[in-house]
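Undergrad: Sequence:
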Amino acid sequence: MACALCFVVALVALPLLNYFQPEFMAQRVFGFTLTWLILGVLFFPFVWIISFIFIKRSIALEDAEAKAAQDGLTK
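Quick note: the sequence shown uses my numbering, first residue 341, plus one each step.
Cβ-Cβ distance ranges computed for the label pairs, FRET-style:
| # | residue 1 | residue 2 | range |
| --- | --- | --- | --- |
| 1 | L354 | D411 | 41 to 51 Å |
| 2 | V352 | R397 | 21 to 31 Å |
| 3 | C346 | A408 | 21 to 31 Å |
| 4 | L413 | T373 | 53 to 63 Å |
| 5 | P385 | P362 | 21 to 31 Å |
It is worth saying that the hints were derived from the structure and are not from the lab.
Virtual Cβ for every residue (Gly too), placed ideally from N, Cα, C.
Please construct the entire structure, taking both the sequences and the accompanying hints into account.
TA: This is how it looks when you write it as C-alpha cells:
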C-alpha cells in the first residue's frame, strides 16, 4: 500500500506543482525544465525503485506465509 501511495503522490504532485509554482517548475536544470527533468528523466528510475521495493516486500510476505503453512503442516 505504501508503494502505491508513494506513486500516486508523485503522480499528483507534478501537475499541482506546475499549477501552483510555474516559475519554480520552469527552471532549467541540465538543459531541461524542472518539469521535464522530473517527468522525462527521473520518473522512470523512480518507478523502478518503487517496483523493486514492492517486489522485495511481496517476496518477503510470500516467504512468511509459506513458512507459516509449513509450520502448520508439521504440527
